[in-house]
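Working from the sequences, and respecting the hints, build out all of it.
Protein chains in written order, with this note's numbering: chain F, 1 to 355; chain E, 1 to 205.
Calculated from the structure, these hints are not laboratory results.
Accuracy of the hints is not assured; some may be wrong.
What the hints assert, rightly or not - Per label pair, the in silico range of CB-to-CB distance: (1) E:108 / F:253: 23 to 31 Å; (2) E:54 / F:221: 50 to 58 Å; (3) E:40 / F:229: 50 to 58 Å; (4) F:217 / E:125: 22 to 30 Å.
As the list claims (entries may be wrong) - Computed list of lysine-lysine pairs in BS3-like fashion (alpha-carbon distance at most 27 Å, straight line): (5) F:352 / F:331; (6) E:37 / E:47; (7) F:331 / E:103; (8) E:197 / E:59; (9) F:220 / F:351; (10) E:142 / E:37; (11) E:103 / F:351; (12) E:197 / F:352; (13) E:37 / E:103; (14) E:57 / E:142; (15) E:142 / F:351; (16) E:59 / E:103; (17) F:331 / E:197; (18) E:57 / F:331; (19) E:47 / E:103; (20) F:181 / E:142; (21) E:142 / F:331.
Stated by the list, open to error - Here are some, though not all, of the chain F residues that point toward chain E, as calculated from beta-carbon distances under 8 Å: (22) 333; (23) 339; (24) 347.
Computed from a predicted model, the values in this text were never measured in an experiment.
For glycine and all other residues, C-beta sits at the position ideal for the given N, C-alpha and C.
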Amino acid sequence: MTIRAYGVEFMDAARFWSCRLFSVDGFVKSPISALRTIFEESHVRLSTLNPSKIARALILNFYLCRPKPTFYEFIRVGRIFLAALFLTWCFSGPAVAYSPLESDELEQKDRDTQQQVDEAVEFDEFDEFDEFDGFDDFDEFDEFDEFDEFDRHDEAVFDPLSGYNRAMTTFNDRLYFWAVKPAATGYARITPVLVRQSVNNFFRNLGYPARFINCILQLKGEDAVNETARFLLNSTAGMAGFFDPARDSLGIEPHDEDFGQTLGRYGLGGGFHLVLPFLGPSNLRDATGLVVDMFMDPVFYMEGYYTGSISWTVDGFNYASLHIGEYERIKNEAIDLYAFLRNAYEQNREKKIRE
Amino acid sequence: MKKLIGALFILLLMGNVAFAEKTDADAPEAAEALLRKSIESVFDVLKNEALTSQEQKEKIEAIVDPVFNYELIAMLSLGRRNWSRLDPEQREVFVERFVTRLKDSYFENIAMIQGDAETNVDYGEREVESGRVHIPVRAGMKDSSVDMRYKFHFSEGEGWRIYDVEINGVSIVASYRSQFNQVLASQSVDEMLEALKTLEAPEVE
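Right, here's the structure in full:
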């Protein structure tokens, strides 16, 4: 959530500067004239083409004209400090780490094992009297040939960031157990499920533009119509989206579409796996999609410096309170948590893209 | 002539009947019927509040066990390369521990559904391939739904049995296989078997 918050700050700054550079009161002007404005403001004449002076003017201008929420700035510095502390702590601990062997090492290991097995078992007699081999009731390797649909999961996964990803998985894990879970449990104790579900419905309803645009981009006409019907019904009869009469009474199911799926739909592969702080498993394509989806979120365009971050935090927190126990179960069942999360994420996305 | 035609007709009919009987067991319909029956009886057990959770577990196990081909699931989850690294003794130990784990996690998942009486089950269009049937099932709960996909294969003698289940697109076999590939890349087989054992019994509150 806070990464989204930083995203907003970054985007706010980007918007602010692009306004300053390229437009005055909404009128777009050329970059040259924009620069001239800045130079004039900084009392630098354009004729003095001294690079260091120009750079200083730019920096000075940018510094003087930066957004100034001084109190928040104080908080922000504190927050970055805390985050750095947390990260240090996280990276210093024993991560969910393995150091996977290189593939030739692995092959060597295979050969060694095979050799051991060969030495241990005397095959000579079986080889000599091979006339009965036809009566072996089944050869297990037939089964691997028969069920070869899983073989693509044997291929080495392209995971150049596995070290970072494992550390970030540990970070998210600790964040969940140390901060999110206790807080969400307390919140769940004093807030009825109906309220939390309604809050969740409200935020899902706000996600309509993103889902609609992505349905259209994927040429899913029927889904786009269904989503529109859901939005219109839930925003009115559903009290601004707090209730979901479209699903409860009419059985119109939501369609979870995002820009990552749209890209996948047109054949873009996932790229390398990427675990995002706070948000969990993702990949290059879907993380990009996330940024694009952010621009389709109405919350992003609301007034106020922190509106977006706060609303996304509340949404994520409320969501967590509705799903306490699920992550714990996954963690219990997994043999290698990171490998499981990575594989499950990719499989789940593949399915969503296929649909 | 009429008699001949009559006899032919009867023969044809009998042949049809015999043929129908022969294909009945391995018809894809049989797999779906089996799945429907199993799911219904599991739900019946779950709804029966007179039973203790231990009794429920035993009853569900009795329903579910013949439908799952546990050995095959265990084998496929390990994958060809890893399977060939295990000697026969290790294979036996592996299958036993893996199946115990699988069942435990299945019952944990079932326990989640337990509270939700309004679960309704929709069967999708089944996909048939030679000797295999995939049946999509959507379990709709109160505020969310789960897409499952039961994968059956047919073998003489045992009939239709499940060799994999997908939950929201995540295949059990595939996810275990990627984990075993990862773990066995850095650990020995014995270490892996030991890890399976320590996680064998999840803590009960």
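These are the hints, each one checked on the structure:
1. E:108 / F:253: 23 to 31 Å: With Cβ atoms ~26 Å apart, the hint holds.
2. E:54 / F:221: 50 to 58 Å: 52 Å Cβ-Cβ, so the 50 to 58 Å window holds.
3. E:40 / F:229: 50 to 58 Å: Violated, at about 33 Å.
4. F:217 / E:125: 22 to 30 Å: 27 Å, holds
5. F:352 / F:331: 23 Å, holds
6. E:37 / E:47: 15 Å, holds
7. F:331 / E:103: Judged against 27 Å, a Cα distance of about 16 Å means the pair holds.
8. E:197 / E:59: Given that 27 Å is the threshold and the Cα spacing comes to 25 Å, the pair holds.
9. F:220 / F:351: Cα-Cα ~16 Å, so holds.
10. E:142 / E:37: Roughly 23 Å separates the two Cα atoms, so the pair holds.
11. E:103 / F:351: Holds, because 25 Å separates the two Cα atoms, which is no more than 27 Å.
12. E:197 / F:352: Roughly 34 Å separates the two Cα atoms, so the pair is violated.
13. E:37 / E:103: It holds: about 20 Å lies between the C-alpha atoms, which stays within 27 Å.
14. E:57 / E:142: 24 Å, holds
15. E:142 / F:351: Given that 27 Å is the threshold and the Cα spacing comes to 23 Å, the pair holds.
16. E:59 / E:103: 13 Å, holds
17. F:331 / E:197: 16 Å, holds
18. E:57 / F:331: Since the Cα atoms of residue 57 of chain E and residue 331 of chain F sit roughly 22 Å apart, the hinted pair holds (cutoff 27 Å).
19. E:47 / E:103: 20 Å, holds
20. F:181 / E:142: 23 Å, holds
21. E:142 / F:331: Holds - the C-alpha atoms of residue 331 of chain F and residue 142 of chain E are around 25 Å apart, at most 27 Å.
22. 333: 5 Å, holds
23. 339: 4 Å, holds
24. 347: Result: holds, 5 Å to nearest chain E Cβ.
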